[in-house]
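Undergrad: Please work from the sequences and hints to get the whole structure.
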Amino acid sequence: MSTVTAVPPVAAKARSKPLLTALAGVPNAGKTTLFNALTGLNYKVANYPGVTVEKRVGTCHLAGFENIRLVDLPGAYSLFGGSPDEVLAADHLMGRLPKEDKPDVVICVVDACNIERNLFLASQIIDIGIPVVVALNMLDIAKTRGLSVRKELLAKNLGVAVVDISGRTKTNTDELLRAVAKAGSGEKRPGRYRWCSDKEFLDSAKSIGRLSRSDDTDDPDELIGIGIGLLSGSRQAESAKQRELLLAMRKQLVEQGVDAGAYETEERYSWVNSIASRSVVQVDGTRKDLTEKLDRVLTHPVWGLLIFLMIMGTMFQSIFTWASIPMDFIDSLFADVQVGLKSIIPPGQLQSLIADGIVVGVGSVLIFIPQIAVLYLFISVLEETGYLSRAAVLLDAFMRRVGLQGRSFIPLLSSFACAIPGIMATRSIPSFSDRMATILIAPLMSCSARLPVYTLLIAAFVPRRTVAGFLSLQGLVFLGLYLLGIVGALAIAYLLRKTVFRSSPSHFLMEMPPYRIPVAGQVLKTIWEKCAVFVKNAGTVILACSILLWFLASYPKTTDGSPSEAVRQSYAGQLGQAIEPIIEPLGYDWKLGVSIIASFAAREVFVSSVALVNNLEDVDEESDSLIDAIRNAKDPETGEHSYDLATALSLMVFFVFACQCMSTLAVCKRETGGWKWPIVMFVYMTALAYGAAFVTFRLSSSLLT
Amino acid sequence: MNIETTIMALLVLAAVVYLARRGASSIKSFRENTNCSDCGCTKSGKEEG
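Chains as they are written, first to last, in our numbering: chain A, 1 to 705; chain B, 706 to 754.
Possibly wrong hints are sitting among the right ones.
As the list claims (entries may be wrong) - Each pair of labels, with its calculated beta carbon distance range: (1) N707(B) <-> G691(A): 37 to 43 Å; (2) S730(B) <-> G233(A): 25 to 31 Å; (3) G82(A) <-> S730(B): 31 to 37 Å; (4) E584(A) <-> N707(B): 37 to 43 Å; (5) N632(A) <-> S730(B): 36 to 42 Å; (6) N707(B) <-> L483(A): 54 to 60 Å; (7) S730(B) <-> E584(A): 33 to 39 Å; (8) Q574(A) <-> S730(B): 24 to 30 Å; (9) S730(B) <-> P347(A): 54 to 60 Å; (10) S730(B) <-> A237(A): 44 to 50 Å; (11) E292(A) <-> S730(B): 49 to 55 Å; (12) S730(B) <-> K676(A): 20 to 26 Å.
Treat the hints as calculated values from the structure; they're not laboratory data. Just so you know, even glycine gets a beta-carbon here, dropped at the ideal spot from N, CA and C.
TA: Below is the structure:
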């Protein structure tokens, strides 16, 4: 039973303006899951805090409530938090954002497993004076932990409606929206400052607040809010008289043995704890022990680290081994398509464009879909279970040694999928120095766009051999490349923290989400979406680049000479040869030079470019698979293999460190507010890539011969 | 110009136009500090507002 009297959906419809409703709450309370359920949108959700760092807007899609406009806010523990995402949430709730209305209603999403921590923010939001509805989420998980929540008592104490919901299963969403519509009708405003039983304190706060000229209000509650803000230090006094009154009030509190600055926080916590202790009952303690037992192992400095390394090792081995069969199938399929097209289309330029340009270019990228699927299978399962927060805690001590903190772990881990959400996730880091260092090293984590480059070169040049009886050598090299990115990133972070971003280490507090069994549908949806983005990229950017590259590698036409000579004299050939002196020390020829330039459009284009240029050189040969074509590529002058293991290792190291993503630089500019840091990022990464590739080529050439 | 050359030229032209428009969109996002329009990794829903 809900504490809310049902009102018909018409209440929401009757308004001429949409009912602007904000979704607020602490991180990982389930706001975005609820937002997706109410709007039908599909924003990223995961079982760790800090996934949402921007506000999102959507219209309710449930019948009868289309007039409710929802704003999903980043999570915040307090309205006076210091990280950029918390500031954004607070600014929206308090109507401080320019050109944006204050919300009409706030849905405060409360995690039933952690009522105390959630109610602190809820009580601050209630004090703003906007109608509030508490959405009590994750009651199912609370039950498995042996917790029972007395919803009616909670509603009575808070003075607002409380509706139990489940964002995941979309349970009770209609009831929640009816409560929102009722709250938005303005029938009843919540009682503010319930945490304060000291009437004298509230009267004094009101007197001080009245002296503020910047806020044109006579509302007693607003004046109390201003006075409390002045007392806690979140506002500055505007006049000498106000300052005088403020000092007198602080003195009075000190005389009573109360810390004036912390008075509000302490009183609020005390009130919240008393409500929580009355509203939440532990009916069965055995289940809670299970979480604690798991945490004891998974966050153990030795066992936890071993388990973490095993999980990571399994992930990278699996990406290589599980995906090999479907990859071979797709590879041979595209080789057959190429042969088939050549038999249908009459020989000529159009045949060359379609068979040697488009099919080879796009096909060479599409064969990596199985690996993308396996990578996101692991990422999605780890996100859903709640393990990632434990890993962050586990690595906090280690990251502190290089000047970072555990809070940087989630952004860095997100960067393995793509650096863009990784850089955006740094908004949950309150310390400027920590945040900047994390932004600058995030692109060194090997993103999924590098995966095709690594796979192609490993499959072509690293022998298929097992090590220690069960480990694949190819998988180990693959893991090594990811580790190289991590080690490089940590080394750069250490340097940055010792030079540019010097500050004392900040504290790391992280909400431990409950363990959850991943929902198969959610995991499959994530895999599907990521593969769809990859395919879309292949069908747009890679397709366009393949056509353009084919043109550049086929024109101007030469009347005589071999196909390889024709490619050499083409526009692409001329471009490659122009930069050859720069890349020759790294072991690359002009063909690889063309591919590296092309990879600045998108890293995957490197693969299609290598395939395309080599294919155009071997038009007389029978169509090989992509991997064979690269492995067997020969220098037309010497007849020797163009590339060897040393070249491949040098190339892979170059791709580990090189900054080739315009979107990453764009996001860096936006997040840092200027050109300085994207330029620094591009320059240091390019120099690092060149230097590391040079050393790798020289070392491996001398060791492997 | 025969039909084969015409189709080829149109495809190349379309590719150049697409890449140029995409480049222009990236430059615009640089200038205006807007969200990256290229990457589908942070969301998959259709954003409003």
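Undergrad: Run every hint past the structure and note whether it holds.
TA: A quick look at each hint next to the structure:
1. The hinted window of 37 to 43 Å between N707(B) and G691(A) is violated, with their beta carbons roughly 51 Å apart.
2. Separation of S730(B) from G233(A) is about 45 Å and departs from the stated range, judged on CB atoms against 25 to 31 Å.
3. With their beta carbons about 34 Å apart, G82(A) and S730(B) fall inside the hinted range of 31 to 37 Å.
4. The given range of 37 to 43 Å is respected by E584(A) and N707(B), whose C-beta atoms sit roughly 41 Å from each other.
5. The hinted range of 36 to 42 Å is satisfied by N632(A) and S730(B), whose Cβ atoms lie roughly 39 Å apart.
6. For the hinted restraint 54 to 60 Å between N707(B) and L483(A), the CB-CB distance of approximately 55 Å keeps it satisfied.
7. Between S730(B) and E584(A) the beta carbon distance is about 35 Å. The supplied range of 33 to 39 Å therefore holds.
8. For the pair Q574(A) and S730(B), the supplied restraint of 24 to 30 Å holds, since their beta-carbon distance comes to about 29 Å.
9. Taking the beta carbon of each, S730(B) and P347(A) are about 38 Å apart, not inside 54 to 60 Å as hinted.
10. The given range of 44 to 50 Å is respected by S730(B) and A237(A), whose C-beta atoms sit roughly 48 Å from each other.
11. Against the hinted window of 49 to 55 Å, the Cβ-Cβ separation of E292(A) and S730(B) comes to about 50 Å, which satisfies the hint.
12. Taking 20 to 26 Å as the suggested C-beta distance range, the pair S730(B) and K676(A) conforms, at roughly 23 Å.
The structure fails to meet hints 1, 2, 9 from the earlier list, while all remaining hints are met.
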